[in-house]
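Position 252 of the sequence shown, counted from 1, bears residue number 252 in full-length UniProt numbering, the numbering being contiguous throughout.
Hints are supplied without guarantee of correctness; some may be wrong.
Simulated restraints on C-beta separations [unchecked claim]: (1) M366 <-> L402: 41 to 51 Å; (2) E428 <-> D341: 32 to 42 Å; (3) P321 <-> G33: 33 to 43 Å.
Derived by calculation from the structure, the hints in this document are not laboratory data.
If you're wondering where the values come from, they're calculated on a predicted model, not measured in any experiment.
Ideal Cβ placement from N, Cα and C applies to all residues, glycine included.
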Amino acid sequence: MKAWPRPFWSLNGAVATPNALASGAALRILAQGGNAVEAAIAAAATMAVVYPHMNGIGGDNVWLIHDGRKSETRALLGIGRAGQGVSIDAYVARGISGTLPARGVLAANTAPGAIDGWWEAYQYSVSQLDGRLDWPELLAAAISYADEGYPVTESQATWSMLLPELAEQYSLPGLRETYLTKAGQPPRVGERQRVSGLAETLREVAKAGRDGFYRGLVAESIIEEIQAAGGLLEYDDWTRPHATWDTPLSLPYRGRYQLINTPAPTQGFSALMLLGLVEHFPLPTWDRQSARYIHVMIESAKLALNCRNQELGDPDYMHYPAQQLLSPANLRAAARHIDADGAALDIPLDRPWDGGTVAIMTADRMGNAVSLIQSIYHDFGSGFIAQRSGVLLQNRGTSFRLEKDTPNSLMPGKRPAHTLCAAMVMREQRPLLVYGTMGGDGQPQTQSAVATGVLDYGLNVQEALSAPRWLYGRTWGETQAAVVLENRFSDAVLQDLRRRGHQVSVVSSYDDKLGHAQAIMIDAVTSAMAAATDPRSDGGAYSW
1 MKAWPRPFWS
11 LNGAVATPNA
21 LASGAALRIL
31 AQGGNAVEAA
41 IAAAATMAVV
51 YPHMNGIGGD
61 NVWLIHDGRK
71 SETRALLGIG
81 RAGQGVSIDA
91 YVARGISGTL
101 PARGVLAANT
111 APGAIDGWWE
121 AYQYSVSQLD
131 GRLDWPELLA
141 AAISYADEGY
151 PVTESQATWS
161 MLLPELAEQY
171 SLPGLRETYL
181 TKAGQPPRVG
191 ERQRVSGLAE
201 TLREVAKAGR
211 DGFYRGLVAE
221 SIIEEIQAAG
231 GLLEYDDWTR
241 PHATWDTPLS
251 LPYRGRYQLI
261 NTPAPTQGFS
271 ALMLLGLVEH
281 FPLPTWDRQS
291 ARYIHVMIES
301 AKLALNCRNQ
311 ELGDPDYMHY
321 PAQQLLSPAN
331 LRAAARHIDA
341 DGAALDIPLD
351 RPWDGGTVAI
361 MTADRMGNAV
371 SLIQSIYHDF
381 GSGFIAQRSG
391 VLLQNRGTSF
401 RLEKDTPNSL
411 MPGKRPAHTL
421 CAAMVMREQR
431 PLLVYGTMGG
441 DGQPQTQSAV
451 ATGVLDYGLN
461 VQEALSAPRW
471 LYGRTWGETQ
481 AAVVLENRFS
491 DAVLQDLRRR
501 GHQVSVVSSY
511 DDKLGHAQAI
521 MIDAVTSAMA
531 AATDPRSDGG
541 AYSW
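The whole structure should be built from the sequences, with the hints applied where relevant.
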């Protein structure tokens, strides 16, 4: 069993990411006098290089940014839209119906919003937070790792075991040539991996900002390769602005805290809904590792995920505003459907919402804080790499539906429903907990486990991340959802959950598939910061 130290408290700054190299890049920015936003950009750029199975510049990101001086929190959504030629009819004409392809160039049907998110955040840092570092400084570590190489992590090596079959099944030569060895084998842990094409692309971004990626030679090259492979995106789809500012969703909790999360098209409302449902139960009086606690969390997750599957999409097309779904009346009515003793609910069968995602948390001595989630959706995204630029494109648009008249029906120019959601807990308009996780369906569940651990059970931030974890969901090829428990739960808990009607399987301790959560706790009195990283990741939680 792993033993985890108490978190270290600091006064100057803190960072937590699922890759120690990215955390180090962010810490260096903080040590140079940078703010939390600048540190988050440096971490995000580095993560895009050194954790390619989970995120990259061909993906999206979502942010919560807290301005310590104004006591104001804003949401930034770096989310790309479906191309103007991306429609249900376009797929039907290619013999595709039912569900969208999960891999290949036709799965890459939305423009990536990640770099636009970085650029918008940087402009905000300069104009609102007295940001003092030059843009190229924030990308320097990422460029260095892409150019000189980085050591393959255990997580990347594990997920890379799927690549030989994936590259052959979907005819993805770029994936094979970029992330497999010359012999066509998955890389070993610690093996040096270089991505020189990606380094050149990042240099262009360092020189020209967003236009270095969304316009000019890099953009033209990427679109040329997409279209040569039969893809649907065009140059005009690439060049339009992608990142937008919005108001976070919010929900009071236990009369003391304000939970905030990212708005639609992210699934932030489902994370808040889950916590709003469990608030109707006396969790603090229950053992946190009891079957009763896990059961109520799972039943609440089923309701929240079911609501998400029915209602979430581009907010311009949703039946109800996401904040309205979190009304006290709605939550009370939904909570009545939870059977405290039996597993009476299930999610209607749907494609599982997997997630190849990273969570990046930063905070600084000025009171600024960032919760940032960045992703290419599934592991290695679409698998399609524009080889000259080294850009691996996401498959986020595969979450669209091919049937018409739903909130998430595929339409040109539309934003897809998003599993990403960044979170904070506020007390008296100041961040108490800055947190987030990877994990698709698991994101609302892991966020809720961390939040209840800290708020209801008094765990420190590292204890909350290291605690035994569960997950409700369905994986590829399965026809029924199940509960997954780490083997650190007792056999009595396992049997009690089965008695309540849950299908339960057991996985090893600290299993990678149960999410990589990251968090920073900020003391309300001293403003000291404590960072924590998930032992299931390759992360680093640093402060100074």
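To see whether the hints hold, each was checked on the structure:
Between M366 and L402 the CB atoms are about 47 Å apart, so this pair conforms to the stated range of 41 to 51 Å. Under the hint 32 to 42 Å, the C-beta atoms of E428 and D341, about 38 Å apart, fit the expected range. Roughly 40 Å separates the CB atoms of P321 and G33, a value that falls within the hinted 33 to 43 Å.
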